[in-house]
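Here the protein sequences line up with chains A and B, keeping their order. My numbering applies: residue 14 is where the first sequence begins, and numbers increase by one. My numbering applies: residue 3 is where the second sequence begins, and numbers increase by one.
Hint data in this document are derived by calculation from the structure and do not stem from the laboratory. Treat each hint with caution, since some may be false.
Unchecked claim - Once the Cα atoms are required to be at most 20 Å apart in a straight line, the calculated SDA-like pairs of lysine to any residue come out as: (1) B:Lys94 / B:Glu83; (2) A:Lys172 / B:Lys63; (3) B:Lys94 / A:Asp44; (4) A:Lys38 / B:Val87.
What the hints assert, rightly or not - Computed far set for chain B versus chain A, every beta-carbon distance over 12 Å: (5) Arg93; (6) Asp106; (7) Pro258.
Positions of the beta carbon are idealized from the N, C-alpha and C atoms, including for glycine.
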Amino acid sequence: MQDVLEGRVWTLGRDVDTDQIISGKYLTIIDPDELKKHVFEIALPEFAKQARPGDILVAGENFGSGSSREHAPQAMRAIGVGAVVADSFARIFFRNAINLGIPTIEAPGVRALFERGDTARIEMRAGRISNLRSGASVAFPPLPSHLLDLLEAGGLVEKVRRELAARKGREASPA
Amino acid sequence: MTPPGEATGHGSTLAEKVLARAAGLDRVVPGQIVDGAVDLAMMHEQGAQTVLPFHQMGAEKVWDPDRVVIALDHWVPASTEGAAVLHRILRKFAAEVGLPHFYDVGNHGICHQILAENGWVVPGDLAVGTDSHTNMLGAMGAVATGVGPTEMAAVLALGRLWLKVPPTIRVRVKGSLGRGVTAKDLVLRVLREVRTTGAQYRAVEYSGPTIEQLSMPERFTICNMTTEMGAKTGMVAPDSTTFDYLAKIAKHPMHPLQPDADARYERTIDLDVDGMPPMVACPYSPDNVRPLPEVAREHIRVDQAFLGSCTNARIEDLREGAALIRGQRIAPGVRMIVSPASTPIFEQCLREGIIETFTDAGAVFTNSSCSACFGGNMGILAPDEVCASSSNRNFPGRMGPKEARIYLMSPGAVVASAIRGEITDPRELL
Ligand code: SF4
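I would like the entire structure built from these sequences, with the hints used as guidance.
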């Protein structure tokens, strides 16, 4: 994860729940490259075709509410979404997205600063998001260090892999 | 109502007590990040997505196979090739790593009901599941919460989970529920207050004389829909009702905990349910709650009536519905689907003649599963249709197309609406 991220913005409203991100009929799909074709089919239908790696999603309050389906952030990761920013997140979505290594930032007031097609600049550690078109910006509390570590490692899989490998190493080495 | 931020006491809430226990600490405070030992981990079909990250992590064994439950429920029996593949992935994984507690087709049920009726979650537990309504098990006096499959892989490997200690909202309820008014109406009333974002990252603790009077199934209904408030967990402190329910079925030792009398709550909501009418959540949000008699006056035609889901498909719910529909017919043009929450409940319905009561009335009585609840299996709506449902969500697209309109209500109200063919106050049929 880079400390400063820049990308083209897609905007979404408030209360975009997981049914609107990946609808129930696609839940048996496990291939992320297949899933990504259906992401935001209900909330933002052009996104799946037009999104480019590094694009940034800017949403209103309560983004990702509803079910625990990880299909939603998985499809976003498969597309290469650079970051997801929202006024607030539903908790399971937030955990899932961070666990998959997607920079996920809660910044109350951020949605009002952006229009579709703007360029956003996110300073992860300094805790600031700016609109490079309008010059407006908003501060946010930077993620706690253990979550930054998780993103740094590339997500939870890599973090646990290192932990288990270290454990094995300890067990293998003579006392 | 206590204004937000008003300090109540200095003691610990129920959620704080349970998380302190899980983390092996004397006390924890909201905002603190703790590493908790998991007492129970549950997976349904979404658990199939746990297998790949589990292997990628280099994990070889599950931390404690006796604390892992797998329950198939969304597509049972498999209704698509995709679902069949998910089931097979889970069966293969369970065999490979040795997970004996597998509720497979024939012994299946909605995952949360499986946990409840088999005593898999007990007071004081930290329980996690790959489903957002895992909150239902908070009714046991546990912290029970949903996680995604990658996180579940880490839990299977390590038996631990990081959690931010949530602030607690206390919902104190007094008064008695009138005839034809149920725990579902009570939780819808709370949703009207708290809204879908009001309990984000928070625990909700239900207390007061009305809650103490509720049976375990009723407490399950209430904790289940706490998910719709955005909460991390919804809980009821354990009492003799809890202990009686678990006496013969608890799968591991209980650690009953109580909130301190001077616990610090972020906010307290006081409700008096005396004289409260039945409630209904109108499209397209579970917090769009209005008194049912008011909505009934609009004569909203119903195309489908669904009595099912983890919220309201226990034997008590089905008995309530059967009592209303016995000897009647559902209205022409209405399709009614009844789906019990587990195989034992199905069998109980068979013994009590409840299946026949519903099928005589013209309903479809299915095997136990999530059924029409989530728009991916059966009972899917056409775009312009209306469904009266005892489930918990009515977001756009929940039962298929985004235009379809779902009204959430009690089991009795679903049945009354099926009989009349329009959204109906069940008290008119009592
Ligand atoms: S019944 Fe509905 S809400 Fe409950 S677990 Fe199944 S799909 Fe989810």
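Status of each hint after checking the structure:
Restraint check for lysine 94 of chain B and glutamate 83 of chain B: satisfied, since their Cα atoms lie roughly 16 Å apart, inside the 20 Å limit. This hinted pair checks out: lysine 172 of chain A and lysine 63 of chain B have alpha carbons roughly 17 Å apart, not beyond 20 Å. Proposed proximity of lysine 94 of chain B and aspartate 44 of chain A is supported: the alpha carbons are some 18 Å apart, at most 20 Å. In summary, the hint linking lysine 38 of chain A to valine 87 of chain B is supported, as the alpha carbons are separated by about 15 Å, within the 20 Å threshold.
No beta-carbon of chain A is positioned within 12 Å of the beta-carbon of arginine 93 of chain B; the least distance is around 15 Å. Every CB of chain A lies more than 12 Å from the CB of aspartate 106 of chain B, the least distance being 17 Å, so the non-interface label holds. Listed as a non-interface residue, proline 258 of chain B keeps its Cβ farther than 12 Å from every Cβ of chain A; the least gap is roughly 26 Å.
When each numbered hint is compared with the structure, no violation occurs for any of them.
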